[in-house]
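**Student:** Read off the chains here:
2 protein chains.
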Amino acid sequence: MTQIQQARLGKITEEMRQVASNERVDANWLREEVALGRIIIPKNVNHNIVARGIGNGLKTKVNANIGTSELHCNVQEELEKLDMALKYDVDSVMDLSTCGNLNEIRKLIINRSPVMVGTVPIYAVMSRLIEQNCGFSAMTAEMLFDEIENQAEMGVDFMTLHCGVTRRSLEFLDNDPRIIGVVSRGGSLLKRWMINNSRENPLFEQYDRVLDICEKYDVTISLGDGIRPGAGADATDRGQLAELLVLGELTERALKRGVQVLVEGPGHIPLDEIEMNVRLMKKICSNAPFYVLGPLCTDIAPGYDHIVGAIGGALAASFGADFLCYVTPAEHLCLPDVDDVKSGVIASKIAAHSADIVKGIKGASERDLAISRARRELNWAEIYNNSIDPEYARKRKESSASAGKNVCTMCGHLCAVKTDSNLD
Amino acid sequence: MTQIQQARLGKITEEMRQVASNERVDANWLREEVALGRIIIPKNVNHNIVARGIGNGLKTKVNANIGTSELHCNVQEELEKLDMALKYDVDSVMDLSTCGNLNEIRKLIINRSPVMVGTVPIYAVMSRLIEQNCGFSAMTAEMLFDEIENQAEMGVDFMTLHCGVTRRSLEFLDNDPRIIGVVSRGGSLLKRWMINNSRENPLFEQYDRVLDICEKYDVTISLGDGIRPGAGADATDRGQLAELLVLGELTERALKRGVQVLVEGPGHIPLDEIEMNVRLMKKICSNAPFYVLGPLCTDIAPGYDHIVGAIGGALAASFGADFLCYVTPAEHLCLPDVDDVKSGVIASKIAAHSADIVKGIKGASERDLAISRARRELNWAEIYNNSIDPEYARKRKESSASAGKNVCTMCGHLCAVKTDSNLD
Chain A
176 MTQIQQARLG KITEEMRQVA SNERVDANWL REEVALGRII IPKNVNHNIV ARGIGNGLKT
236 KVNANIGTSE LHCNVQEELE KLDMALKYDV DSVMDLSTCG NLNEIRKLII NRSPVMVGTV
296 PIYAVMSRLI EQNCGFSAMT AEMLFDEIEN QAEMGVDFMT LHCGVTRRSL EFLDNDPRII
356 GVVSRGGSLL KRWMINNSRE NPLFEQYDRV LDICEKYDVT ISLGDGIRPG AGADATDRGQ
416 LAELLVLGEL TERALKRGVQ VLVEGPGHIP LDEIEMNVRL MKKICSNAPF YVLGPLCTDI
476 APGYDHIVGA IGGALAASFG ADFLCYVTPA EHLCLPDVDD VKSGVIASKI AAHSADIVKG
536 IKGASERDLA ISRARRELNW AEIYNNSIDP EYARKRKESS ASAGKNVCTM CGHLCAVKTD
596 SNLD
Chain B
176 MTQIQQARLG KITEEMRQVA SNERVDANWL REEVALGRII IPKNVNHNIV ARGIGNGLKT
236 KVNANIGTSE LHCNVQEELE KLDMALKYDV DSVMDLSTCG NLNEIRKLII NRSPVMVGTV
296 PIYAVMSRLI EQNCGFSAMT AEMLFDEIEN QAEMGVDFMT LHCGVTRRSL EFLDNDPRII
356 GVVSRGGSLL KRWMINNSRE NPLFEQYDRV LDICEKYDVT ISLGDGIRPG AGADATDRGQ
416 LAELLVLGEL TERALKRGVQ VLVEGPGHIP LDEIEMNVRL MKKICSNAPF YVLGPLCTDI
476 APGYDHIVGA IGGALAASFG ADFLCYVTPA EHLCLPDVDD VKSGVIASKI AAHSADIVKG
536 IKGASERDLA ISRARRELNW AEIYNNSIDP EYARKRKESS ASAGKNVCTM CGHLCAVKTD
596 SNLD
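Note that the protein sequences, when read in sequence, are chains A and B.
176 is the number of the first residue of the first sequence in this note's numbering; add one for each residue after it.
176 is the number of the first residue of the second sequence in this note's numbering; add one for each residue after it.
I should point out that these hints are in silico values taken from the structure, not numbers from a laboratory.
Beta carbons are placed, not taken as given, at the ideal position from N, Cα and C, and that holds for glycine.
Errors might be hidden in some of the hints.
Below are the EDC-like pairs computed for lysine to aspartate or glutamate, each with C-alpha atoms no more than 20 Å apart in a straight line [stated by the list, open to error]:
hint: 1; chain 1: B; residue 1: K282; chain 2: B; residue 2: E324
hint: 2; chain 1: A; residue 1: K537; chain 2: B; residue 2: E448
hint: 3; chain 1: B; residue 1: K458; chain 2: B; residue 2: D412
hint: 4; chain 1: A; residue 1: K431; chain 2: A; residue 2: D383
hint: 5; chain 1: B; residue 1: K570; chain 2: A; residue 2: D512
hint: 6; chain 1: A; residue 1: K282; chain 2: A; residue 2: E252
hint: 7; chain 1: A; residue 1: K570; chain 2: B; residue 2: D514
hint: 8; chain 1: B; residue 1: K537; chain 2: B; residue 2: E324
hint: 9; chain 1: B; residue 1: K593; chain 2: A; residue 2: D349
hint: 10; chain 1: B; residue 1: K570; chain 2: A; residue 2: D514
hint: 11; chain 1: A; residue 1: K537; chain 2: B; residue 2: D349
hint: 12; chain 1: B; residue 1: K457; chain 2: B; residue 2: D447
hint: 13; chain 1: A; residue 1: K580; chain 2: B; residue 2: D412
hint: 14; chain 1: A; residue 1: K593; chain 2: B; residue 2: D349
hint: 15; chain 1: B; residue 1: K457; chain 2: B; residue 2: E427
hint: 16; chain 1: B; residue 1: K593; chain 2: A; residue 2: E306
hint: 17; chain 1: B; residue 1: K580; chain 2: A; residue 2: D512
hint: 18; chain 1: A; residue 1: K593; chain 2: B; residue 2: E306
hint: 19; chain 1: A; residue 1: K457; chain 2: A; residue 2: D447
hint: 20; chain 1: B; residue 1: K391; chain 2: B; residue 2: E375
hint: 21; chain 1: B; residue 1: K537; chain 2: A; residue 2: D447
hint: 22; chain 1: A; residue 1: K570; chain 2: B; residue 2: D512
Covered by chain B, according to a simulated footprint, are these stretches of chain A (three or more residues, beta-carbon under 8 Å) [claimed, not checked]:
hint: 23; segment: 245 to 254
hint: 24; segment: 402 to 413
hint: 25; segment: 484 to 494
hint: 26; segment: 526 to 534
hint: 27; segment: 569 to 575
Far from chain B by the CB rule (all over 12 Å, computed), these chain A residues [unchecked claim]:
hint: 28; residue: T188
hint: 29; residue: Q193
hint: 30; residue: E324
hint: 31; residue: K458
hint: 32; residue: K537
So that you can see chain A by itself, here it is in the shape it has in the complex (with noise of 0.2 Å):
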């Protein structure tokens, strides 16, 4: 049975005991929570780790995508892409593996991973299809359900799948013209099949089937917004909304069935735009838990995208928003190296942590406390165990001519600590 199932039983499960624990909140709440699919807990039935809640009232969570490319194909490197991400406390994975043997890296990625892996597995379909020669096209519905089902069955907590990419979404596309037009992988490949094969998007017509196999394995879906615009020109437009309409439509329907259910966001937005995007997913969406990709606020700062997406994934949290996919420096250049990964990761933290001390979450303001305290004494130490990056904190400090001295570079003898407190 799926969490969900579960807590409509009146059961609170282990992964719910673990959720509550985490987070420090009540576990018959939370088991109410899972039960409305305002929270969710993704965890295969067969991927042995500690459990994370996302969504109303928890800790805003971080995704770390990685995984091989055709034109970057090192499957070492992205297991240090892995470490990396968990050394800086990532809450999830994405492995968004095109080259290599895809069925070995996503094991031995889900088999190292401690917390929640996701996938795309259309991905695995056209990487083999180009694999063997073949054009998008020659995809099938078998093809592609066979593979949901493999991923499920290896234990893969969360999928996904680019459900709403409807005949009928597309046509909103076409009647308002884009800047730049489908931006989403999985999107434009499925509209491509679609187009070529004057056929209904088989992830739609047969989402009973994507039900069946993600309700035997509790993956909880992903519904990918696979017409999210890719500038801040095009946001919000009508291609973008039709198609969160029918992920509204899908969300009710995995949630009558008693399957998780996450709902993917833009992507490109400008500050002004990003609460009301926020705002409508939930109303739409049956309020699930809200997964947004950035978003970027401007499309002028390739190489610092990172922070661009730590400026609106804060705004979205704090409005909202439940999980942040991070956004690394290489975004719209190349594949991310590991120092990317880390520099993503931290950008995102810092989003996620800034939004959750607004937004209420227990604890969230305790670290922040602890350092303006530590500030105050002027406790290097205790500056640097509370940190996002204590190793990185401490080595600016103490590589400087400060080093062993209490106060910084920066103010010296000027220091306003000091002098605020009469110390010298």
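Given the coordinates of chain A, assemble chain B onto it according to the supplied hints.
**Tutor:** Quick look at chain B alone, frame taken from chain A:
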């Protein structure tokens, strides 16, 4: 005559023309805004620079702090920081030097800088006292006013003067204790001086002398927030607001006199108090331009405070803040180095630009559009050209395995743009 005085006489100065042309706004409208004090053009009569405006309806501006300190005193390095800040298109620099031959350093910076230069005159006075082995209490009002006049004559365009640190403001602070008291260097020095000498703040008591000097050289007063909070937990408290009320009165007095004025604001503010802080300041201070220091929406990220500052700065600017003081990765740890300056300027420029898109600033979205169009065409040269750091964006893409290819190593053959455009 100051820019305000000339504006009130109906004169469109050369400086107003430069600003109007650069911002693509009507020169007469600009003149009216200057007359009302809602736009300032900080430019000392003795400083030969192309004028930039700050305030209502203009692009959000960014300032970089540079300057020597007791524990890290290398003038050449400070000039390199200036050059680095200029390379990334900073709008002003503040010379916060507190070590070495301060007049000499200031002259070097003023002469080399094509953008406005700001200072905090009390630093020079206090540094000299320390050099002479005197305590801070030995300062006299004459020393402070002499230094202000000295720096005004040298060509400083705007000066931070903590005129609102009054005995009454400090009483509110005493009655509403903070986690971390006064974190402004100038604020803490004045507070200590006032307590030790049982005197009122001379910058408040003899504010007319401040106005006399600033009027003479058309120096813009940057009303410092000496009692700004230094921790999220201390944000928007009575001490801060008591000072703001005084700044409101002093803004009005400056405007009556025809002296240009800018108001400084926090500091450390949780995400959900940023809008209120900006609107409150604008309301209380006659809609004068607002200069925010960050703001920082969490305290847990020393080493990454440029990202925290970008989140807060983007939000503040989107609600009407006009001028962002950069925050570098070195903040709270050490004096920034040249790389930190680059990171700080870029992060703040991203924040300012993200806000300008939604503030309705003329032409703000043009670069975003150019990049989005170039992405659709996989036109990398055009993407780099419109990027905030073309060098770095190019380097990342071209040093990856996709060098010379039209796709990147992220997606390779699964490139959504190619798939969506049905290219190959």
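**Student:** Does each hint fit the structure? Answer for all of them.
**Tutor:** Hint by hint, here is what the structure shows:
no. : hint            : result
1   : B:K282 / B:E324 : 14 Å, holds
2   : A:K537 / B:E448 : 19 Å, holds
3   : B:K458 / B:D412 : 17 Å, holds
4   : A:K431 / A:D383 : 12 Å, holds
5   : B:K570 / A:D512 : 14 Å, holds
6   : A:K282 / A:E252 : 15 Å, holds
7   : A:K570 / B:D514 : 15 Å, holds
8   : B:K537 / B:E324 : 38 Å, violated
9   : B:K593 / A:D349 : 17 Å, holds
10  : B:K570 / A:D514 : 15 Å, holds
11  : A:K537 / B:D349 : 29 Å, violated
12  : B:K457 / B:D447 : 17 Å, holds
13  : A:K580 / B:D412 : 31 Å, violated
14  : A:K593 / B:D349 : 17 Å, holds
15  : B:K457 / B:E427 : 12 Å, holds
16  : B:K593 / A:E306 : 18 Å, holds
17  : B:K580 / A:D512 : 19 Å, holds
18  : A:K593 / B:E306 : 18 Å, holds
19  : A:K457 / A:D447 : 17 Å, holds
20  : B:K391 / B:E375 : 25 Å, violated
21  : B:K537 / A:D447 : 17 Å, holds
22  : A:K570 / B:D512 : 14 Å, holds
23  : 245 to 254      : holds (count 3)
24  : 402 to 413      : holds (count 5)
25  : 484 to 494      : holds (count 5)
26  : 526 to 534      : holds (count 6)
27  : 569 to 575      : holds (count 3)
28  : T188            : 32 Å, holds
29  : Q193            : 24 Å, holds
30  : E324            : 22 Å, holds
31  : K458            : 21 Å, holds
32  : K537            : 16 Å, holds
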